[in-house]
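Top line first, the protein sequences correspond to chains W, G, P and D. Note that the first sequence covers residues 87 to 441 in the numbering used here. Note that the second sequence covers residues 87 to 441 in the numbering used here. Note that the third sequence covers residues 87 to 441 in the numbering used here. Note that the fourth sequence covers residues 87 to 441 in the numbering used here.
Mixed in with the good hints there might be a few duds.
Stated by the list, open to error - Capping the alpha-carbon separation at 27 Å, the derived lysine-lysine pairs in DSS-like fashion look like this:
id	chain 1	residue 1	chain 2	residue 2
1	P	LYS285	P	LYS275
2	W	LYS357	W	LYS146
3	D	LYS185	D	LYS146
4	P	LYS395	D	LYS146
5	G	LYS342	W	LYS281
6	P	LYS342	D	LYS235
7	D	LYS342	P	LYS405
8	D	LYS395	D	LYS185
9	P	LYS146	P	LYS403
10	W	LYS405	W	LYS285
11	W	LYS441	G	LYS395
12	W	LYS357	G	LYS342
13	D	LYS342	P	LYS285
14	D	LYS342	P	LYS281
15	P	LYS281	W	LYS441
16	W	LYS275	G	LYS342
17	W	LYS403	G	LYS357
18	P	LYS245	D	LYS342
No wet-lab data here; the hints were simulated from the structure. Since the structure is predicted, the reported quantities are computational estimates derived from the model, not experimental observations.
4 protein chains.
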Amino acid sequence: MAGNTFGNLFKLTTFGESHGVAIGGVLDGCPSGIEIDLEAIQNELDRRKPGQSAIVTQRKEPDTVEFYSGIFEGKTTGTPIGFAIHNTNQKSHDYSHIKDSYRPSHADYVYDQKYGFRDYRGGGRSSARETASRVVAGAIAKQFLPEIKINAFVSQVGKMRLEIPYQQLDFAMTELNPVRCPHPETAAKMEEYIKSVRKEGDTIGGIITCVAQNVPVGLGEPVFDKLHAELGKAMLSINAVKGFEYGSGFEGVQMKGSEHNDQFNQDASTKTNYSGGIQGGISNGMDIYFNVAFKPVATVIQSYETIDKEGNKVTTKGKGRHDPCVVPRAVPIVEAMTALVLADYMLLNRTIRVK
Amino acid sequence: MAGNTFGNLFKLTTFGESHGVAIGGVLDGCPSGIEIDLEAIQNELDRRKPGQSAIVTQRKEPDTVEFYSGIFEGKTTGTPIGFAIHNTNQKSHDYSHIKDSYRPSHADYVYDQKYGFRDYRGGGRSSARETASRVVAGAIAKQFLPEIKINAFVSQVGKMRLEIPYQQLDFAMTELNPVRCPHPETAAKMEEYIKSVRKEGDTIGGIITCVAQNVPVGLGEPVFDKLHAELGKAMLSINAVKGFEYGSGFEGVQMKGSEHNDQFNQDASTKTNYSGGIQGGISNGMDIYFNVAFKPVATVIQSYETIDKEGNKVTTKGKGRHDPCVVPRAVPIVEAMTALVLADYMLLNRTIRVK
Amino acid sequence: MAGNTFGNLFKLTTFGESHGVAIGGVLDGCPSGIEIDLEAIQNELDRRKPGQSAIVTQRKEPDTVEFYSGIFEGKTTGTPIGFAIHNTNQKSHDYSHIKDSYRPSHADYVYDQKYGFRDYRGGGRSSARETASRVVAGAIAKQFLPEIKINAFVSQVGKMRLEIPYQQLDFAMTELNPVRCPHPETAAKMEEYIKSVRKEGDTIGGIITCVAQNVPVGLGEPVFDKLHAELGKAMLSINAVKGFEYGSGFEGVQMKGSEHNDQFNQDASTKTNYSGGIQGGISNGMDIYFNVAFKPVATVIQSYETIDKEGNKVTTKGKGRHDPCVVPRAVPIVEAMTALVLADYMLLNRTIRVK
Amino acid sequence: MAGNTFGNLFKLTTFGESHGVAIGGVLDGCPSGIEIDLEAIQNELDRRKPGQSAIVTQRKEPDTVEFYSGIFEGKTTGTPIGFAIHNTNQKSHDYSHIKDSYRPSHADYVYDQKYGFRDYRGGGRSSARETASRVVAGAIAKQFLPEIKINAFVSQVGKMRLEIPYQQLDFAMTELNPVRCPHPETAAKMEEYIKSVRKEGDTIGGIITCVAQNVPVGLGEPVFDKLHAELGKAMLSINAVKGFEYGSGFEGVQMKGSEHNDQFNQDASTKTNYSGGIQGGISNGMDIYFNVAFKPVATVIQSYETIDKEGNKVTTKGKGRHDPCVVPRAVPIVEAMTALVLADYMLLNRTIRVK
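Work out the full structure: start from the sequences and follow the hints.
Dropping the structure here:
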């Protein structure tokens, strides 16, 4: 209830602060009998980890996951999967620049107000470090759903937008560049741009597009738990996300019903897919695709004026090794949350008919 | 679990098909001692009801709510509030044009696939008629939160966009025109446009902007139940919604961190509000504002080709009295869902400190 | 969350006060495609209703259920089943004897303290009238589980105990006498005894035994949601229940492990069944049986001294037409709650394996 | 949902198999600002641990808990408390005697049937070792509720029953003997009896009585989440529990209403307390007391005939170091679960009034 659990049946609960002893989680409700590829899980974590390229934070965190339970002789057992990622980066940091002041557009002020308390070490629970636990669970969800293909990629950085429809992209190219944009020319420009932003000590936002293919017909629970509503919540729960749209999205409001309606082919596939693979909150077998907007991260390496706990003005300066643009590292997180939603709704969908 | 419940503590469960005996719901967890203004509830329902103006569906449904429990001597008692809205419009309709065929971009096909079954009477459970129950519960939530001001309005119809910042609008004007756009000149143009679309037998999409003011600091549960994540889910669960963005939203991805960061005033308010009143998933006391994108409704009064259950091609034609543009009637629904989220998170927030 | 919902997937939410407009509920998560026998549902309600025999309350409440949604053309549709039972007994009662005083061992005092408020009309929400909604939902659960046989019966009234093992009883005889004890001689004695208690204006407690047969192996979720833990909660949530035991129960504590262990037959059935059909919280295919203890109901038709809201002593007297012994009418309630648990756990059990 | 989570707001999720890498859990919803006494937590664990006396299993498991998150500078932060207890006892055991056969009255057979799989190492998830995580969380709950006094003790072993009312006992004596019975003479007899049972290689059941004092008026949610219903579920979820009764319990069925009713004093306390501190599912400020029945544990050190996976008869023999009587070690578990329920319901009770 306190907000650290996601999912109804395939259910992840996470814990951990960015500079505490460990982060981790419990994945409950994962069906028994899934063959687990541990390397594939670690590979997903590596896609998210800091220090992997020149355009992300240069912090070094190995992010090695240890499993404590729920996997036996290479398979899931049906019991909860407990896991932890120990923080190796706990050495005495200097937090004096943030301990007593509130960084703008961070969660410092609201945590203090809400809990009467604040873990000032690197953001504590509000740090995106927490998403590593989601990536672990999402990697297991992917292994539960081998037939479903989930591909996220960076489609916009700042004003630079990839205008090519996803159908014309080769998702295999996403991992070939540090931006995780599957169009090499665009990726190169984005990379250069991010580097220039980093030099200014600044940050820039972006958009991730995600495509889920081979999703069976029927996933989604009316009325409040529509499939896209849960996907939306999943994405909006990721740090720095400001918006979610699926199918025709915000552009679609300009269309007329007669053009927006997806006409059926005789096999019940549709000629267009403005619906984004979901109708009435239920998957219709077409590709599910959506966009996720990320704001520029708040930590800039520039001096700024802010206030302390007592409301005094203070001048401070961001420091440390932070991400100039969050989207390249957020790609595996978007995929992980998509996988968690689909796994959960796959299980829910087993329960809705008399037999 | 089957998706007809919304909220954690302030919790609404709804039932009912568009052409069944009645729709309604149970609002559980509503605190005791709230003085209930029944007229205000009916007024919200009237804002949503069909037939209220020339630019919405001309169906006549009085939508009178009956309360069965939970209110005694004018106040809530703390016990569940059961209510029903009987359908007066159940007379023998002619559904032959849709009974055996799947309307494009409706939920007909997916319901049939999911449940092995389909209630072909006017959309059954997938009809937006269900949202009347949300409006009832939302009206009660508003009465629980008298200090919070929730104002939604139509900010875009098709390509027509109200470019004036909400701070310069007078929300009292929203109800003065049938479009529910608080800017009379823009409203008049939108109205004319919707009428022209209706004449074509077509439909058009739009955007609703919602502003919640006087929200206390501290609402929102890290990490999965961030306030904006729940708001996003709430909005995306409304029929025809394709997108949600808050604060700087999709536009914000083009900004740099140095401009996007909301600098503090000494009273901990912020000079700008790109954050949209929420930081780290927790309200910071500034205005919460967000946009909700609605697609053009699928029912067009034009003939079209589609398929039947056996996959045969059939030609049919929409008929009946449907909404050319859903956004004017969706304004009270957006407000209701906002109120439900805020009421729920207000209660959750009572539980997070030792005293 | 506020306690008016039962079940995880097969989920009942109820509403209603004993003397309000109506009681009722929403059954969500009921699978689609169940053929519904409405007469069988009404029959279960009739087993619970007041006035059915000389040893239960003589109030007349027809308790006719109306269904509002979720059933179409004789089958469940997968959408929520809304229903209501209107209270016909709302005419101006005289509550002056209880309005200002707290009846001992009723919920009057605690409701007032908890909610700052109290519905003094016949107990309001704390009345056992609420259980009628459970019986409706339980009757649907039974129709979802036609192969499972659930039989409850009265096994003790006061000190009178039916000592015959359930295996030697003919459950078909339960309904042949007003006590609902399937052993006619014992039933006759119990009936006479209850009549004598009624003459004194007093009440007496009793025990209901319930047997569930043909339950498949595998129902029950470790570790907190063990099958018997959920059954126990279900029973303890019924008004007046003070205890629950299953299998060997409280007697079993006197046994040694070597005698208590249920040895296997070669077909994996067991030679004895001290386990009560559940091992490690999971059904093992043997009969599930348990006992439910009901206290004597608190309303006695005798004068007594008590206190009013201000703590003044007052002398008052119970009146009206109340049950001298609650167990005969509670038999269908015990069965209903058993059916709800088994239906829910049957659905949960569909989700626990990879395929 | 898969059953490894307990609580609504103060919510514990546990993981871990008896012979896996670690057991542990996540306590979410624990309010911020609780001063944590780590020694007190470890002390509770030590009360539960094996090897602490001559009448419990002689296995040596240090059961040292490590906290990973949620506690900072000695206080809870409001974020989830992750913790683990590493298993030190993982060395290569010989499981050949149980790997291929089903031990009677254990969970071996049902786990295999349910999950298609079985962790044969010492019971895996079905082992009572899991309850150590509950004790950790319960110890934190106790620190959240310093004013409430929770005292459990052994009141029966086999046929030996402590007949003295709890009001005449000195709970401080409970910890002074290995049986955890606060009456030294009875404790000495029980201890001797347990030793004799152990010599036979057999086991014996028992009853734990628990008393919660200073519980405020108002805890408990009608109708399904009555306080005693949740306590009952909590207790029944503990390994080996077969029954739960509170207040007058099973004995109370023999009483008449006129004697069972708890008459009020002028301060709203009651002259008797057959209600067990709970009326209508809500605490009334009087002592809450209840009994929990534990069966004799299934592992006996005797040879027995059973079946293997293929249904062949096999003869085997229990071995290892098991508990001849589980109740002495279960006392802290009963207290922990009581504390978890009360903490949760204390938080729920903050949300039920308009202010």
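Going down the list of hints, with the structure as the test:
A threshold of 27 Å between alpha carbons decides the hint, and for LYS285/P with LYS275/P the separation of about 16 Å falls inside it, so the pair holds. Taken as a hint, the LYS357/W and LYS146/W pair is broken in the structure, with Cα atoms around 48 Å apart against an allowance of 27 Å. Annotation: proposed proximity of LYS185/D to LYS146/D holds, straight-line Cα distance about 23 Å (limit 27 Å). Restraint check for LYS395/P and LYS146/D: not satisfied, since their Cα atoms lie roughly 57 Å apart, outside the 27 Å limit.
For the proposed pair LYS342/G and LYS281/W, the alpha carbon gap of about 13 Å is at most 27 Å, so the pair holds. In summary, the hint linking LYS342/P to LYS235/D is not supported, as the alpha carbons are separated by about 33 Å, beyond the 27 Å threshold. With a CA separation close to 17 Å, the supplied pair LYS342/D and LYS405/P stays within the 27 Å bound. As the CA atoms of LYS395/D and LYS185/D are separated by approximately 10 Å, the hinted pair is consistent with the 27 Å bound.
Simply put, LYS146/P and LYS403/P have alpha-carbon atoms about 22 Å apart, close enough for the 27 Å limit, and the pair holds. Proximity of LYS405/W to LYS285/W is assessed by CA-CA distance (about 13 Å); at most 27 Å being required, the pair is judged to hold. Only pairs whose Cα atoms come within 27 Å are accepted, and LYS441/W paired with LYS395/G is accepted, the gap being roughly 21 Å. The straight-line distance between the Cα atoms of LYS357/W and LYS342/G is roughly 39 Å, outside the 27 Å bound, and the hint therefore fails.
The hinted pair formed by LYS342/D and LYS285/P meets the criterion: a straight-line CA distance of about 13 Å does not exceed 27 Å. At most 27 Å may separate the alpha-carbon atoms for a hinted pair to count; LYS342/D and LYS281/P meet this at roughly 13 Å. Taking the CA atoms of LYS281/P and LYS441/W, the gap is near 47 Å; set against the 27 Å cutoff, the hint is violated. Restraint check: the Cα-Cα separation between LYS275/W and LYS342/G comes to about 17 Å, which is no more than 27 Å; the hinted pair holds.
Proposed proximity of LYS403/W and LYS357/G is supported: the alpha carbons are some 19 Å apart, at most 27 Å. For the given pair, LYS245/P sits about 11 Å from LYS342/D by alpha-carbon distance, which is consistent with the 27 Å threshold.
Checked against the numbered hints listed earlier, the structure breaks hints 2, 4, 6, 12, 15; every other hint is satisfied.
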